[in-house]
Amino acid sequence: MFGRVLLGEIRKLIRKRGLIVLGVIFGLAILIYALIFNEIVTDESGLTVCAEDFTSLFYSLVVSVLTIYGIVLAAGLYAEEYKRGTIKFVMLRPVSRTTLTTAKLLAALLYVTALALGVTLIVFLYGLARYGSSGSTAVDLVFNGDTPYSTTLSIKTFGAIGLKLLSVYAFMIVAFAIGTLAKNKTLSVVLTIILQAGIFSTPFMLVDSLAGTEIQKVLFSTNADLSGYIGMSASVLDDAGGIFSAIPKGGNIYLAVGLMAGYLTAALLATYLVVNKRDVV
Amino acid sequence: MAILEVKNVTKVYNKRGGRSLTALNDVSFSVDEGEVVGFIGPNGAGKSTCIKCITGLATQTSGSVTVCGFDTVKEHVDAIANVGAIIENPDTYLNRTALDNLRYYASISRIEVPSGTERKAYINDLIDDLLRQVGLYDRRNDKVSKYSLGMKQRLGIAQAMIAKPKLLILDEPTNGLDPMGIREMRDVVRTLAHEQGVAVLISSHGLAELQQTCDRFLLIRSGRLIADFSADEVGEGEGTDLVFTVDDVQKAVAVVEQNFEAKAKPIGENRVEVTSEGNSPAAEINEKLVQAGVRVSGLYEKRKSLEDVFVSLTEKGANDVR
Ligand SMILES: Nc1ncnc2c1ncn2[C@@H]1O[C@H](COP(=O)(O)OP(=O)(O)O)[C@@H](O)[C@H]1O
Ligand SMILES: [Mg+2]
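Chains as they are written, first to last, in the working numbering: chain A, 1 to 281; chain B, 282 to 603.
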């Protein structure tokens, strides 16, 4: 039965009109990007003309679009059904609310994964055909800010893509929780995007002023993307400001993983509990 | 056998500002196999709340509900597997077709497929039959957003019947239906109940259409069940109906028709129903029957139309404080 519930939820997502918009955005992005990639690769950029760098740069650009799409999707999973009343006929089926909640979330995560991997694959194959692979090139990275290690460009590229996808999941789970608890999609989208915008966004001065402080290391937005902690990307402002450091002040990968697990577990627990107990009115 | 048993159900809503509202107050009743029960009461009486508790959409504050022996709280999935329902508005997915909607509901319902039959084909046939039964077959490929309220209501009824439930619950199903639609719904419901043994609970604040549909009525007001009576106790409308319990039905009929401007109709072995324009003189009829040597062992006045019963009962309860 779980499989059929899951399939039903996936079908609901596929019918969303937003998918067409997203498809157009991604299509155009790939097209433009393919034309200008050569110009971006300069000596200072640290990039080389190869399928791996072609893919990772593109992915780092579209991941924000994907994150917002994922947030919008997850925020409405229950909120829209409550608002439109369609939840009633669903909850009249012999399906437990726990099963339904799991199916909804899993459907959205699978769906976003398929989109992300689909786009990545297209871009990678195009890059491969046009520039060839440098995947076996050795690269030196730093784990947890203090332990150097060596790996290949392939692993770095796809590892970072995987970890960024995990960060998309994290924001989706939060959006799902807020949207479901508040039965309000818009509120959830706004709150989660503020949360997601994190420390780099100037509009959110409060969060901005936390950059370089000890508080930064416990923030959701700092830890959602773990790739910095294993040296796969640099994404956190240093004390001095402006200089990139992979890891926030006082932070480390174990704290980050523990915090994220805690935040997400809390969000999920609250969601399951409230959905199970709440009257449908 | 009782398909649905509601025992001492109380539902308290906590409203904003710490106020609470007792929407259901110690309600108990049951519905048997093959029985069509009308659940009637004015707006805000607690009909929908009761139905939400039965279907598990809401959880009662105290009391218990069982469907086919399954507790709707502790064994929700097994209980609800035997229920088909529409509750308040028939909200299906507007951006999908009726066919698509029903396929979705079927996919997550417990539908028994006869052995040797392919599930998909069986369900497709089942859905086509349902669409024909509710008169939407020709419009099955239209998006529900293009449907009228009455059509949505029919789709809701099809949705409710999809898993061949043992208990069918329809909350104000006649909303948006035209008289023709109401009659068709009545036929569908009566066929299901009387031929397939489905227990049916239909709520309504309008009574006229239920009078000919139901075998029994439950009256609810301000969260309390105030009456539970069979359709036999409700007359056809105008005038008064008297029912005499006698030892010789044939003789009683003859005596009444000879002496009064009234119609006498035997019911069963030992009862005679007397209908007259205006008031039937109960005392005089009784006297004549006795004079003619008919033993009268019982006499009761039949309720008039359901509407009258409803009005008189709800007025009686008008001073109830919630
Ligand atoms: N979710 C709710 N929260 C608070 N009060 C409610 C809620 N749902 C219904 N009520 C109240 O409970 C009472 C019964 O409502 P309802 O069961 O919808 O009546 P009916 O279906 O008979 O018209 C009404 O006074 C209504 O305002
Ligand atoms: Mg109602």
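Quick caveat, the hints were computed from the structure, so don't treat them as lab data.
Just to be clear, a hint being listed does not mean it is correct.
Cross-link-like lysine-lysine pairs, in silico, BS3-like; alpha carbons within 30 Å at most [said to hold, decoys possible]:
(1) B:445 x A:83
(2) B:447 x A:16
(3) A:83 x A:217
(4) B:583 x B:288
(5) B:532 x A:83
(6) B:427 x B:355
(7) B:532 x B:583
(8) A:83 x B:355
(9) A:83 x B:427
(10) A:16 x B:427
(11) A:277 x B:445
(12) A:217 x A:16
(13) B:532 x A:16
(14) A:16 x A:277
(15) A:83 x A:16
(16) B:424 x B:401
(17) B:355 x A:183
(18) B:544 x A:183
(19) B:288 x A:277
(20) A:83 x B:569
(21) B:546 x B:569
(22) A:217 x A:249
Calculated Cβ distances over 12 Å to all of chain A for the following chain B residues [said to hold, decoys possible]:
(23) 282
(24) 286
(25) 289
(26) 306
(27) 345
(28) 370
(29) 372
(30) 382
(31) 387
(32) 398
(33) 413
(34) 467
(35) 472
(36) 534
Don't be surprised by glycine CBs; every beta carbon is placed ideally from N, CA and C.
For each hint, the structure was consulted:
The hinted pair formed by residue 445 of chain B and residue 83 of chain A meets the criterion: a straight-line CA distance of about 28 Å does not exceed 30 Å. Proposed proximity of residue 447 of chain B and residue 16 of chain A is contradicted: the alpha carbons are some 35 Å apart, above 30 Å. Between the alpha carbons of residue 83 of chain A and residue 217 of chain A the distance comes to roughly 37 Å, so the proposed pair goes past 30 Å and is violated. Our distance criterion of 30 Å between C-alpha atoms is met by residue 583 of chain B and residue 288 of chain B, whose separation comes to about 29 Å.
Proximity of residue 532 of chain B to residue 83 of chain A is assessed by CA-CA distance (about 66 Å); at most 30 Å being required, the pair is judged violated. Restraint check for residue 427 of chain B and residue 355 of chain B: not satisfied, since their Cα atoms lie roughly 40 Å apart, outside the 30 Å limit. Proximity of residue 532 of chain B to residue 583 of chain B is assessed by CA-CA distance (about 21 Å); at most 30 Å being required, the pair is judged to hold. This hinted pair checks out: residue 83 of chain A and residue 355 of chain B have alpha carbons roughly 27 Å apart, not beyond 30 Å.
Annotation: proposed proximity of residue 83 of chain A to residue 427 of chain B holds, straight-line Cα distance about 19 Å (limit 30 Å). For the hint pairing residue 16 of chain A with residue 427 of chain B, the CA-to-CA distance comes to about 18 Å; that is within 30 Å, so the pair holds. A C-alpha spacing of about 28 Å is found between residue 277 of chain A and residue 445 of chain B, which places the hinted pair at or below 30 Å, so the restraint holds. Annotation: proposed proximity of residue 217 of chain A to residue 16 of chain A is violated, straight-line Cα distance about 37 Å (limit 30 Å).
This hinted pair does not check out: residue 532 of chain B and residue 16 of chain A have alpha carbons roughly 75 Å apart, beyond 30 Å. Between residue 16 of chain A and residue 277 of chain A the alpha-carbon distance is near 29 Å, which keeps this suggested pair within the 30 Å criterion. As the CA atoms of residue 83 of chain A and residue 16 of chain A are separated by approximately 16 Å, the hinted pair is consistent with the 30 Å bound. For the hint pairing residue 424 of chain B with residue 401 of chain B, the CA-to-CA distance comes to about 22 Å; that is within 30 Å, so the pair holds.
Simply put, residue 355 of chain B and residue 183 of chain A have alpha-carbon atoms about 26 Å apart, close enough for the 30 Å limit, and the pair holds. The straight-line distance between the Cα atoms of residue 544 of chain B and residue 183 of chain A is roughly 61 Å, outside the 30 Å bound, and the hint therefore fails. A hinted pair counts as satisfied when its Cα atoms are at most 30 Å apart, and residue 288 of chain B with residue 277 of chain A qualifies at roughly 21 Å. About 67 Å separates the Cα atoms of residue 83 of chain A and residue 569 of chain B, which puts this hinted pair outside 30 Å; it is violated.
With a C-alpha separation of about 17 Å, the suggested pairing of residue 546 of chain B with residue 569 of chain B holds against the 30 Å cut-off. Restraint check: the Cα-Cα separation between residue 217 of chain A and residue 249 of chain A comes to about 6 Å, which is no more than 30 Å; the hinted pair holds. Against chain A, the non-interface label of residue 282 of chain B holds: every CB pair exceeds 12 Å, the least being about 21 Å. Every Cβ of chain A is farther than 12 Å from the Cβ of residue 286 of chain B; the closest lies at roughly 19 Å, confirming the non-interface assignment.
Every C-beta of chain A lies more than 12 Å from that of residue 289 of chain B, the closest at about 19 Å, which supports listing it as non-interface. For residue 306 of chain B, the requirement that its beta carbon stay farther than 12 Å from each beta carbon of chain A is met, with the minimum near 17 Å. The claim that residue 345 of chain B lies off the interface holds: its Cβ sits roughly 17 Å from the closest Cβ of chain A, which is beyond the 12 Å cut-off. Some Cβ of chain A comes within 12 Å of the Cβ of residue 370 of chain B; the nearest lies about 6 Å off, and the non-interface call is violated.
Under the 12 Å C-beta cut-off, the non-interface status given to residue 372 of chain B relative to chain A is violated; the minimum distance is some 3 Å. For residue 382 of chain B, the shortest C-beta to C-beta distance to chain A comes to about 8 Å, within the 12 Å cut-off, and the non-interface label is violated. With a cut of 12 Å on Cβ distances, residue 387 of chain B falls inside the contact zone with chain A, its closest approach being about 10 Å. Remark: the non-interface label on residue 398 of chain B is consistent with the geometry, its nearest Cβ contact in chain A lying 18 Å away (cut-off 12 Å).
Separation of residue 413 of chain B from chain A is adequate, the least Cβ-Cβ distance of about 21 Å exceeding the 12 Å criterion. In this structure residue 467 of chain B is separated from chain A by more than 12 Å, as the shortest Cβ-Cβ distance comes to about 23 Å. The beta carbon of residue 472 of chain B sits about 22 Å from the closest Cβ of chain A, which is more than 12 Å, so the claim that it is off the interface holds. With a closest Cβ-Cβ approach of about 50 Å to chain A, residue 534 of chain B is found to remain outside the 12 Å limit, as its non-interface label requires.
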